[in-house]
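Protein chains: 2
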Amino acid sequence: MKFVIVGGDAAGMSAASRAKRNQPDLEVTVLEQSGDVSYSACGMPYNIADPARDMEDLVVRRAEVFRTKQGLDLRTGHRALAIDRTARTVSGEQEDGRPFTIPYDALLIATGASAVIPDRPGFTLPGVVALKSLEDGRRIKERLAARKVARAVILGMGYIALEMCEALCARNIAVEMVKPRPRFLPWMHPDLAAKVKQEVESRGVGVHAGHEVERIEGQEDTLRVHCGDLTVEGQIVLVAVGVKPSNALAKGAGLELGPCESISVDRTLRTSDPRIYAAGDCADAYHVVTGAKTWVPLALRANRAGWAVADNVTGRKTELEGVAGTSVFKVFDMEVARTGLNASEAKAEGFDPVETVIEARSRAHAHPGASPLLVQMVGDRQSGRLLGAQMVGKEGVVHRVYALAVALHQKMTVEAFSQCDLAYAPPFGPVWDPMLTAANQLVKLL
Amino acid sequence: MKFVIVGGDAAGMSAASRAKRNQPDLEVTVLEQSGDVSYSACGMPYNIADPARDMEDLVVRRAEVFRTKQGLDLRTGHRALAIDRTARTVSGEQEDGRPFTIPYDALLIATGASAVIPDRPGFTLPGVVALKSLEDGRRIKERLAARKVARAVILGMGYIALEMCEALCARNIAVEMVKPRPRFLPWMHPDLAAKVKQEVESRGVGVHAGHEVERIEGQEDTLRVHCGDLTVEGQIVLVAVGVKPSNALAKGAGLELGPCESISVDRTLRTSDPRIYAAGDCADAYHVVTGAKTWVPLALRANRAGWAVADNVTGRKTELEGVAGTSVFKVFDMEVARTGLNASEAKAEGFDPVETVIEARSRAHAHPGASPLLVQMVGDRQSGRLLGAQMVGKEGVVHRVYALAVALHQKMTVEAFSQCDLAYAPPFGPVWDPMLTAANQLVKLL
Chain A
1 MKFVIVGGDA
11 AGMSAASRAK
21 RNQPDLEVTV
31 LEQSGDVSYS
41 ACGMPYNIAD
51 PARDMEDLVV
61 RRAEVFRTKQ
71 GLDLRTGHRA
81 LAIDRTARTV
91 SGEQEDGRPF
101 TIPYDALLIA
111 TGASAVIPDR
121 PGFTLPGVVA
131 LKSLEDGRRI
141 KERLAARKVA
151 RAVILGMGYI
161 ALEMCEALCA
171 RNIAVEMVKP
181 RPRFLPWMHP
191 DLAAKVKQEV
201 ESRGVGVHAG
211 HEVERIEGQE
221 DTLRVHCGDL
231 TVEGQIVLVA
241 VGVKPSNALA
251 KGAGLELGPC
261 ESISVDRTLR
271 TSDPRIYAAG
281 DCADAYHVVT
291 GAKTWVPLAL
301 RANRAGWAVA
311 DNVTGRKTEL
321 EGVAGTSVFK
331 VFDMEVARTG
341 LNASEAKAEG
351 FDPVETVIEA
361 RSRAHAHPGA
371 SPLLVQMVGD
381 RQSGRLLGAQ
391 MVGKEGVVHR
401 VYALAVALHQ
411 KMTVEAFSQC
421 DLAYAPPFGP
431 VWDPMLTAAN
441 QLVKLL
Chain B
1 MKFVIVGGDA
11 AGMSAASRAK
21 RNQPDLEVTV
31 LEQSGDVSYS
41 ACGMPYNIAD
51 PARDMEDLVV
61 RRAEVFRTKQ
71 GLDLRTGHRA
81 LAIDRTARTV
91 SGEQEDGRPF
101 TIPYDALLIA
111 TGASAVIPDR
121 PGFTLPGVVA
131 LKSLEDGRRI
141 KERLAARKVA
151 RAVILGMGYI
161 ALEMCEALCA
171 RNIAVEMVKP
181 RPRFLPWMHP
191 DLAAKVKQEV
201 ESRGVGVHAG
211 HEVERIEGQE
221 DTLRVHCGDL
231 TVEGQIVLVA
241 VGVKPSNALA
251 KGAGLELGPC
261 ESISVDRTLR
271 TSDPRIYAAG
281 DCADAYHVVT
291 GAKTWVPLAL
301 RANRAGWAVA
311 DNVTGRKTEL
321 EGVAGTSVFK
331 VFDMEVARTG
341 LNASEAKAEG
351 FDPVETVIEA
361 RSRAHAHPGA
371 SPLLVQMVGD
381 RQSGRLLGAQ
391 MVGKEGVVHR
401 VYALAVALHQ
411 KMTVEAFSQC
421 DLAYAPPFGP
431 VWDPMLTAAN
441 QLVKLL
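From first to last, the protein sequence lines stand for chains A and B. Numbering of the first sequence is given in the numbering used here, commencing with residue 1 and proceeding in unit increments. Numbering of the second sequence is given in the numbering used here, commencing with residue 1 and proceeding in unit increments.
Looking at chain A on its own, in the form it has when it is part of the complex:
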């Protein structure tokens, strides 16, 4: 039995390793277009922040190790271009231009996502970079090392943009951030978004929301970003306006697509062709709150889905429940977390949302070092169900939101959540945890 995997990142390598562990005589072939497999993509901003750290530290396991220790047929520099579903083959091109065609019994598409690059003048200039692959990371780090970079422009204000803003500031680079839509973190409640914006601006970062980039012009080492009434410049321009699923292979094979043109999969990670699986940032998922399909390209889901594919391919039937839409990041000293739906998403999904925002302290009354902690919570007036939550603060935000994610998986009511025994000690929060305070408040409004 031949199991072929296209893409050697989180989902692909998780699937490959586990399939081989489950069934050592399985022939597992991984086709990866780049030379890199199994690295911590999310760690790149933190590595870039520190000139002394080697980018190669982010490699979790080298291709050689997969080949020799795990017995995987791992082919780097192999770009898959087409699937023949009748012949059950994948064909493509090697780095040196030679074609290849290999047969499969089961196929996994784990092609990930790619950075959205606007089709405007100047986006292909040297120094205009994205941060998606390890190769992107190396390119950025080399540019920062090779010349004097005093100023940087970041296009976009999502989590990668904000993490990179922190990283560049750590290297004493002045940062200007630009994005077309007027709201900063538009998915977040305005009170919480304002706290994050304040944190970013307090570090001297220029936050320019509501400016559409028209073109980028290069002049010696400096790049000028023109947005009508605003022009900002720097020696590097990071494009972080979003990602899109790398779906070309699936589209070419006529597989069904889901939200944002991600590859549609069922709970066993099968696509519309039962011999073809998809996992990771290229595939969709069920949302545990709505029950509907969603596209959330995040690392944990990719790893989990990779494992589930391996189990299904090796005869251990596995179904994945879905995602709660939990995501977390840090920018400077601010932790940001969300899970589930915000009020407008809830409304769009047919719920009757009621929302509250509370401000609490991160530590107990009279305990030194406390800072404000904001909790937003959304419930459904009809059913009393918890639908989502957001949190912002300098400590204790990210790990707290996990409790709310579990509650969403369990379809708990706000009232049931408010009864949970979350314990208390003065260094870690008030007697009533801020999440319970928000839940108590929301119960009254529902």
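The hints are simulated quantities; they were obtained by calculation from the structure and are not laboratory data. None of these values were measured; they are calculated from a predicted model. Take the hints with a grain of salt, since some may be wrong.
[Claimed, not checked] Keeping only pairs whose Cα atoms sit at most 25 Å apart, straight-line, the calculated DSS-like set for lysine-lysine is:
no., chain 1, residue 1, chain 2, residue 2
1, A, Lys20, A, Lys2
2, B, Lys293, B, Lys347
3, A, Lys132, A, Lys148
4, B, Lys411, A, Lys411
5, B, Lys444, A, Lys69
6, B, Lys251, B, Lys2
7, A, Lys20, A, Lys317
8, B, Lys444, A, Lys317
9, A, Lys444, B, Lys317
10, A, Lys20, B, Lys444
11, A, Lys244, A, Lys141
12, A, Lys444, B, Lys69
13, A, Lys394, A, Lys195
14, B, Lys244, B, Lys132
15, A, Lys411, B, Lys69
16, B, Lys347, B, Lys411
17, B, Lys69, B, Lys2
18, B, Lys20, B, Lys141
19, A, Lys293, A, Lys394
20, A, Lys347, A, Lys251
21, B, Lys69, B, Lys195
22, B, Lys317, A, Lys394
23, A, Lys20, A, Lys141
24, A, Lys317, A, Lys2
25, A, Lys251, A, Lys2
26, B, Lys251, B, Lys293
27, B, Lys347, A, Lys444
Dock chain B against the given chain A, drawing on the hints supplied.
Chain B only, in chain A's frame:
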């Protein structure tokens, strides 16, 4: 309608304030034997740690404020001694010796818990102290201010003992800890307990487990604690060997008692006499894992139970689900958390427990500043249910355990928990959160 409350701490004052808010014309009388109401008892070790901080900072709301702003009949210096259930009166003695008798329609016993003081020679010597009331805290702080305290002995190694150990060390006092049973944190898995012990010993604290105190002798300013083969000495001896429910009033009135002789209450917080409620550290609770009664004297439960009593007294029928046995503390740089049952408790309750311990890192691969994080998890072989968990590490422990507490409230299986979407960012943990790694591991063993 007259609502009388005995005890003006967490449960009592929560009940009093909320009852008055729910129903402003209700006559609410609180009888408190001391002069202190509404203070952060759990904050005392952190206050004692800093000579510059005023103990009175811990008072959340003064008695005067309750009287004038909230219209409560708050009587400090009133010690309740007996309940006449037929006449529906509480009688007792004021500070100056004058007796009092007051009638009630509904009564709440919120007398809390008191420190266990062994009945051995020397435990009443000056300088042998407990830490339960604010008055205890003041006494300790005054002793530390009034004389040179170079050495301290702490009897017991529970969370109050450990928090006080940290506090005294912060004041450059050498600490020796002594307890009779040989195991350090006996409820904890030995691998996790060893990490905590190591942290305490690394600060130069003497940890003497397995030594029964025979007597304490005083000689000028120094107290000698004799334990057979071991003698330790200091200018202060803290007795922190445990607490017991203050049940004299309830016992005298013939009310039913529960575990550890705490006052037995139903889910509406009613005792065996339907006009008498009990809440806080003197009362028992249902355990959400076992469904059986338990005694967990902790602050959140006390506050929550106080509110529930107020709601029931004012006609808003409220039932409390119970406790998960979640408790957390910090000692030096180590966070410690538990929820639910450990393996031996699970066995005693009739489960078929399977246990795992995993070690993970507190931050992602190659992220700077990571430290080890240990997770213990127990599941039931029969049902697959999660029964409990423990965690130890330098960061991200306490707030993480909340997710497991929610899972226990929901009677989730380990497998269902392992599917939860807990998100990931490099500063906060590995891609697979340590709790998920433990759950994945435990699923294989079940």
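Now the hints, each set against the structure:
no., hint, verdict
1, A:Lys20 - A:Lys2, "holds, 11 Å"
2, B:Lys293 - B:Lys347, "holds, 16 Å"
3, A:Lys132 - A:Lys148, "holds, 23 Å"
4, B:Lys411 - A:Lys411, "holds, 13 Å"
5, B:Lys444 - A:Lys69, "holds, 23 Å"
6, B:Lys251 - B:Lys2, "holds, 23 Å"
7, A:Lys20 - A:Lys317, "holds, 16 Å"
8, B:Lys444 - A:Lys317, "holds, 15 Å"
9, A:Lys444 - B:Lys317, "holds, 15 Å"
10, A:Lys20 - B:Lys444, "holds, 17 Å"
11, A:Lys244 - A:Lys141, "holds, 24 Å"
12, A:Lys444 - B:Lys69, "holds, 23 Å"
13, A:Lys394 - A:Lys195, "holds, 10 Å"
14, B:Lys244 - B:Lys132, "holds, 11 Å"
15, A:Lys411 - B:Lys69, "violated, 40 Å"
16, B:Lys347 - B:Lys411, "holds, 17 Å"
17, B:Lys69 - B:Lys2, "holds, 19 Å"
18, B:Lys20 - B:Lys141, "violated, 35 Å"
19, A:Lys293 - A:Lys394, "violated, 33 Å"
20, A:Lys347 - A:Lys251, "violated, 32 Å"
21, B:Lys69 - B:Lys195, "violated, 48 Å"
22, B:Lys317 - A:Lys394, "violated, 38 Å"
23, A:Lys20 - A:Lys141, "violated, 35 Å"
24, A:Lys317 - A:Lys2, "holds, 18 Å"
25, A:Lys251 - A:Lys2, "holds, 23 Å"
26, B:Lys251 - B:Lys293, "holds, 18 Å"
27, B:Lys347 - A:Lys444, "violated, 40 Å"
Against the hints set out earlier in the document, violations occur for numbers 15, 18, 19, 20, 21, 22, 23 and 27.
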